[in-house]
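For the protein sequence lines, the chains are A and B, in the order given. Residue numbering for the first sequence follows my numbering, beginning at 1 and increasing consecutively. Residue numbering for the second sequence follows my numbering, beginning at 1 and increasing consecutively.
These aren't lab readings, by the way, just hints derived from the structure by calculation. Yeah, the Cβ is synthetic: ideal placement off N, Cα and C, and Gly gets one too. The reader is advised that the hints may include incorrect statements.
[To be verified] Taking lysine to aspartate or glutamate pairs in the EDC-like style, the calculated list, with each CA pair at most 20 Å apart, reads:
{"id": "1", "chain 1": "B", "residue 1": "Lys210", "chain 2": "A", "residue 2": "Asp147"}
{"id": "2", "chain 1": "B", "residue 1": "Lys210", "chain 2": "A", "residue 2": "Glu59"}
{"id": "3", "chain 1": "A", "residue 1": "Lys76", "chain 2": "B", "residue 2": "Glu213"}
{"id": "4", "chain 1": "A", "residue 1": "Lys19", "chain 2": "A", "residue 2": "Glu59"}
[Stated by the list, open to error] Derived, one-sided and incomplete: chain A residues facing chain B with beta-carbon distance under 8 Å:
{"id": "5", "residue": "Val74"}
{"id": "6", "residue": "Arg84"}
{"id": "7", "residue": "Ser90"}
{"id": "8", "residue": "Ala119"}
{"id": "9", "residue": "Pro128"}
[As the list claims (entries may be wrong)] Across the chosen pairs, the derived CB separations fall in these ranges:
{"id": "10", "chain 1": "A", "residue 1": "Arg123", "chain 2": "B", "residue 2": "Leu303", "range": "52 to 58 Å"}
{"id": "11", "chain 1": "B", "residue 1": "Arg225", "chain 2": "A", "residue 2": "Thr56", "range": "16 to 22 Å"}
{"id": "12", "chain 1": "A", "residue 1": "Ser4", "chain 2": "B", "residue 2": "Phe324", "range": "56 to 62 Å"}
{"id": "13", "chain 1": "A", "residue 1": "Ser4", "chain 2": "B", "residue 2": "Arg225", "range": "28 to 34 Å"}
{"id": "14", "chain 1": "B", "residue 1": "Phe293", "chain 2": "A", "residue 2": "Arg166", "range": "57 to 63 Å"}
{"id": "15", "chain 1": "B", "residue 1": "Ile12", "chain 2": "A", "residue 2": "His151", "range": "33 to 39 Å"}
{"id": "16", "chain 1": "B", "residue 1": "Gly37", "chain 2": "A", "residue 2": "Ile144", "range": "47 to 53 Å"}
{"id": "17", "chain 1": "B", "residue 1": "Ala139", "chain 2": "A", "residue 2": "Thr212", "range": "53 to 59 Å"}
{"id": "18", "chain 1": "B", "residue 1": "Trp301", "chain 2": "A", "residue 2": "His151", "range": "46 to 52 Å"}
{"id": "19", "chain 1": "B", "residue 1": "Ile124", "chain 2": "A", "residue 2": "Arg185", "range": "47 to 53 Å"}
{"id": "20", "chain 1": "B", "residue 1": "Arg317", "chain 2": "A", "residue 2": "Met207", "range": "40 to 46 Å"}
{"id": "21", "chain 1": "B", "residue 1": "Val62", "chain 2": "A", "residue 2": "Lys76", "range": "25 to 31 Å"}
{"id": "22", "chain 1": "B", "residue 1": "Pro307", "chain 2": "A", "residue 2": "Asp147", "range": "30 to 36 Å"}
{"id": "23", "chain 1": "B", "residue 1": "Phe146", "chain 2": "A", "residue 2": "Cys79", "range": "38 to 44 Å"}
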Amino acid sequence: MDESILKARGLTKAYGALKATDTLSLEIRTGEIHAIIGPNGAGKTTAIGQLSGELTSDEGTIYFAGRDITRLPVHKRACLGLARSFQITSILLNFTAEDNVAMAVQARDGHSFKFWKSARTDRKLRVPAREVLKEVGLADRADIIADRLSHGEQRQLELAMALATRPALLLLDEPMAGMGPASSRKMVDLLQTLKGRLTILMVEHDMDAVFTLADRITVLVYGRAIATDTPENIHTDPAVRKAYLGENG
Amino acid sequence: MNRFQLTLKTCILIAALVILIGLPPVASALEATFYIGLFSRILIYALAAVSLDLILGYGGMVSFGHAAFFGAGAYVVGILAFHGIEGSAVISWPFVIMGTDNALISWSVAAVASAGLAFVIGAISLRTSGVYFIMITLAFAQMMYFFFTSLEFYGGDDGLSLFTRSRLGHMDLSNDAAFYYTCLGLLIGFLLFSRRLVNSRFGMVIRGCKENERRMGALGFPTYRYKLVCFVIAGAGAGLAGALMANQTEFVSPSLLHWTVSGDILVMVILGGVGTLVGPVFGATVFLLLEEFLSRYTEHWMLFLGPILIFVVLFARRGLYGSFVERKADNG
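Can you make the complete structure from the sequences, with help from the hints?
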C-alpha cells in the first residue's frame with residue numbers, strides 16, 4: 001500500500017466555457033495537513049465539492065483509501081470516512097450544540113431506521129458527542145441552541161460535527177472564514193492539536209494560518225495546480241510569487 | 001421558567017384529556033348526543049392532521065395531497081364492507097380477497113394500502129422539493145380523486161354507503177360513544193407512537209433533514225430514504241384516519257379526496273402549531289368547531305376563518321398551541 005489516502009487525477013469541471021478546475025491532480029498523504037491556496041475564483045471550493053461528491057466531475061478519477069469513488073454520491077463517500085466542513089457555516093440551527101454533534105456521531109453508528117429508543121438519552125451518542133465538544137472547546141455550550149452561538153463558536157461546532165464522524169480525511173473549506181483575529185488564533189491552535197492525528201485537506205485564505213499549519217501546499221490558479229510543495233519552497237517558488245503572492249509578496 | 005412551562009403544558013394536556021374522556025357521558029346527560037358525533041369527527045381529523053405534521057412539521061415536507069391517503073383509507077373500508085355484505089370477492093386473481101367488515105382486518109388493510117400509495121407518490125415526489133413538491137403532491141391527490149370518481153362500480157361520483165359500521169371484537173361501534181372512545185384511543189396511541197418516533201434516531205434524522213438536508217448528506221445520511229419512510233408512516237396514519245372517517249359517516253365518496261380536504265388538514269396543522277404533536281389536535285378542534293358554529297349563521301363561514309388564520313400566521317407563527325404552550329422544545 002502506498003501512503004497516500006486520496007489520489008485525484010485529471011479532475012475537470014466546466015461551467016459553460018469556464019473551466020473551474022482544469023485537469024487538477026492532487027495527492028494527499030496520510031497524516032499530513034495539505035492546504036490549497038489560490039486567488040479568488042481559482043476553483044478551490046469547486047475542487048472541494050468534487051472531492052466530497054456534491055459536484056460530479058466532467059473528467060478525471062478520484063481514489064480514496066485505494067477505492068474508486070469517482071461516481072459515489074456524497075453520503076456514501078461520507079460513510080467511507082470523507083468528512084467536510086463548509087465555507088458558509090452549515091449546521092442544524094435549531095438543534096443544541098450537543099444535538100448537532102450527536103447527529104454526526106449517529107451518522108457513523110450504523111443505519112438510523114430505529115424508531116423507538118430515544119436518541120436524546122442514548123449514551124452511545126451522547127458520550128462521544130460531549131467528548132468532541134470538549135475537544136473543540138465548546139463543552140460548556142453543549143445545551144445552547146446553535147442559532148444563539150457566536151459566529152466563532154458556530155465555526156467550532158461546524159468542525160466538531162466533521163470530527164465526530166471520525167473521518168479518515170477531513171476536507172475543510174475555509175475554516176477561518178469570517179473570523180476575527182482572536183477566534184482565528186483559537187481555530188489555528190485547535191487545528192494544531194489535530195495535526196498528526198488526522199489527515200486534513202484545507203482551503204484557506206488566511207496565509208498566516210496556512211503557513212503555520214500546512215505540511216504541504218498546492219497553489220491553484222485558474223483551476224490548475226501550478227505547484228505542490230512544502231511551505232518553505234512555496235514561499236520562494238518564483239512562479240507562485242508571480243502568479244499569486246505578487247511581486248513583493 | 002422551564003418548569004413553569006412544563007407544568008402549564010401538563011395542565012393543558014390533562015385538562016384536554018379529561019374533557020375528551022368526559023364528553024360522551026356529559027353530552028348524553030344533557031341530551032346533546034350530537035356532540036359525540038361532532039367530536040368523533042374532530043378526533044379523526046386530528047389523527048390525519050398529526051400524521052401530516054410528522055412530514056410537514058418534523059420533516060419539512062409541505063405535502064398538499066394528504067387527502068389522497070385519507071380518502072384511500074376510507075375507500076378501502078368502504079369497498080371491503082361492500083363486498084362483505086355481498087359475500088363476494090374484492091379481487092379473485094391472482095389470489096382471492098374476500099370482503100369483510102371486521103375492523104381489525106379492514107382498518108389494517110386501509111393503513112397498509114395508504115402506506116403503499118404513499119410509497120409510490122413519495123418515491124416520485126421526494127425527488128423534488130419546495131414549491132414543486134407542493135404541486136406534485138397536489139397533482140397526485142387530484143389523480144386519485146378522479147380515479148375514485150370514475151369507479152362506477154363503487155358509486156363513482158355518488159359514493160358508496162356502508163351498511164353498518166365495522167365490527168371490532170365485542171364492541172358495538174354503532175354505539176356512538178363506543179365509536180368515539182375507539183377514535184380517542186387510536187388518536188392517543190398514534191400521538192404516543194409519534195412522540196417516540198420524533199425523538200428516536202430516525203426522528204432526529206428527519207428533523208435534521210428539515211433543518212439542513214445538505215449537511216445531513218455530508219454527514220453520511222441517505223436523506224431521500226429517510227424522508228420516504230417518514231412519508232410512508234404519515235400516509236399510514238392518514239389511511240387509518242380515513243378508515244375511521246368511513247365508519248363515522250358510514251359513507252365514502254370522492255369528496256374525501258378533494259383538494260380542499262388536503263387544504264383543511266393543512267390549515268388545522270398551521271392553526272394548531274407546525275412542529276408540535278399536540279398542536280394539530282387543537283388545530284382540528286378549533287377548525288371544526290368554528291366550521292360547525294359559524295356555518296349555522298352563514299354558509300360563508302370561511303370569511304371568518306380567513307382572518308383568524310392570518311392572525312395566527314402573523315402573530316403566533318408556531319400556531320395556537322405552539323406559541324402559547326410549547327415555545328421552545330418540540331419534542332412532543
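So, going through the hints one by one against the coordinates:
no., hint, verdict
1, B:Lys210 with A:Asp147, "holds, 15 Å"
2, B:Lys210 with A:Glu59, "violated, 33 Å"
3, A:Lys76 with B:Glu213, "holds, 15 Å"
4, A:Lys19 with A:Glu59, "holds, 11 Å"
5, Val74, "holds, 5 Å"
6, Arg84, "holds, 6 Å"
7, Ser90, "holds, 5 Å"
8, Ala119, "holds, 5 Å"
9, Pro128, "violated, 14 Å"
10, A:Arg123 with B:Leu303: 52 to 58 Å, "holds, 55 Å"
11, B:Arg225 with A:Thr56: 16 to 22 Å, "holds, 20 Å"
12, A:Ser4 with B:Phe324: 56 to 62 Å, "holds, 59 Å"
13, A:Ser4 with B:Arg225: 28 to 34 Å, "holds, 33 Å"
14, B:Phe293 with A:Arg166: 57 to 63 Å, "holds, 59 Å"
15, B:Ile12 with A:His151: 33 to 39 Å, "holds, 38 Å"
16, B:Gly37 with A:Ile144: 47 to 53 Å, "holds, 49 Å"
17, B:Ala139 with A:Thr212: 53 to 59 Å, "holds, 56 Å"
18, B:Trp301 with A:His151: 46 to 52 Å, "holds, 49 Å"
19, B:Ile124 with A:Arg185: 47 to 53 Å, "holds, 51 Å"
20, B:Arg317 with A:Met207: 40 to 46 Å, "holds, 45 Å"
21, B:Val62 with A:Lys76: 25 to 31 Å, "holds, 28 Å"
22, B:Pro307 with A:Asp147: 30 to 36 Å, "holds, 31 Å"
23, B:Phe146 with A:Cys79: 38 to 44 Å, "holds, 43 Å"
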